[in-house]
Amino acid sequence: MVSLVISWPILHIMNAFVNLLPYQMTGFFCDDDEIRHPYVDDTVTYGQMALFFETFGVVCILLCEASCLLQAIGQWSLTRKSHYSAVFMNGVLAVLIYTTLHLALNNIFDLGKLTTSRLRPNFIDYCQPANLTQLCGPDADPHRFIEGYTCTRDNFKLFDEYESFPSGHSGYAAFMATLLILYLHHRCRIPRPIVAGIQLFLATSAFYIIVSRVKDYKHRLSDVSTGASIGVALAYYAVEYSLHGLKAMEYYDIVE
57 MVSLVISWPI
67 LHIMNAFVNL
77 LPYQMTGFFC
87 DDDEIRHPYV
97 DDTVTYGQMA
107 LFFETFGVVC
117 ILLCEASCLL
127 QAIGQWSLTR
137 KSHYSAVFMN
147 GVLAVLIYTT
157 LHLALNNIFD
167 LGKLTTSRLR
177 PNFIDYCQPA
187 NLTQLCGPDA
197 DPHRFIEGYT
207 CTRDNFKLFD
217 EYESFPSGHS
227 GYAAFMATLL
237 ILYLHHRCRI
247 PRPIVAGIQL
257 FLATSAFYII
267 VSRVKDYKHR
277 LSDVSTGASI
287 GVALAYYAVE
297 YSLHGLKAME
307 YYDIVE
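Residue 299 in this note's numbering is what sits at position 243 of the sequence shown, and the numbering runs on without skipping anything.
None of these hints come from the bench; they were simulated from the model.
Do not rely on the hints blindly, as some may be mistaken.
What the hints assert, rightly or not - Estimated spans, in silico, between C-beta atoms of each pair:
no.: 1; residue 1: Thr189; residue 2: Asp210; range: 13 to 21 Å
no.: 2; residue 1: Tyr297; residue 2: Asp216; range: 29 to 37 Å
no.: 3; residue 1: Thr101; residue 2: Ser278; range: 17 to 25 Å
no.: 4; residue 1: Tyr297; residue 2: Val115; range: 21 to 29 Å
no.: 5; residue 1: Leu277; residue 2: Tyr102; range: 17 to 25 Å
no.: 6; residue 1: Leu107; residue 2: Tyr297; range: 27 to 35 Å
no.: 7; residue 1: Thr155; residue 2: His241; range: 17 to 25 Å
no.: 8; residue 1: Tyr205; residue 2: Phe263; range: 21 to 29 Å
no.: 9; residue 1: Gly301; residue 2: Asn187; range: 53 to 61 Å
no.: 10; residue 1: Cys86; residue 2: Ala259; range: 38 to 46 Å
no.: 11; residue 1: Arg209; residue 2: Leu118; range: 41 to 49 Å
C-beta: ideal position from N, C-alpha, C; glycine also.
With the sequences and hints as input, model every part of the structure.
See the structure below:
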């Protein structure tokens with residue numbers, strides 16, 4: 057827990073420096089068909105995704121910690137006070153793990169997005185560059201590289217269209233699914249078929265969200281695959297190596 061507390065302000069400082077990096081108005085080739093897909097609304101918004109995983113995570117933690125505590129009560133003589141303190145400390149630890157890793161994930165993705173400034177597949181439709189028919193008309197060189205353009209769409213969020221790589225949706229979905237799957241594996245003391253069913257549901261939900269980003273023309277396959285890989289790698293490394301399989305959350309050290 058001490059390492060998590062120490063790393064939290066360090067990650068905040070890193071995040072402040074990362075956010076100082078300016079995004080670049082990346083140019084485009086006239087014949088780049090990858091950025092000419094239509095703009096459509098998100099199938100799953102970031103807020104909806106976060107609400108789903110965080111709510112589901114709270115349910116999983118309550119279920120698993122209750123199962124662990126019941127098992128500990130059956131093996132050791134625990135006082136009522138130790139019950140409350142142990143559950144409270146594990147709740148604090150779970151919040152620290154999530155917030156610290158989420159902040160680390162944000163740093164990685166913000167750095168990737170700001171340094172690459174890759175255009176989204178729906179860039180032309182959403183930006184609607186001024187004089188595009190003249191710049192990339194029938195008589196223009198199809199390999200012409202366009203820079204210094206001006207977007208004409210009224211509600212255009214300039215920075216958002218330069219944040220295609222890596223996919224933040226995919227990274228967060230894969231990160232949360234992996235984190236909860238590993239938590240269920242290490243902590244849940246309910247029948248294993250039920251645990252496996254919950255884990256499969258989490259993996260399927262994350263996969264659906266990841267695929268939806270390609271379907272919605274928000275990202276390319278390389279964007280979502282890279283984002284998902286980063287999310288899985290961070291969650292796995294943190295749980296299995298940095299946190300040693302969540303051994304700090306065991307109840308064996310609260311014997312009366």
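List, from low to high, the hint numbers that the structure doesn't satisfy. 8
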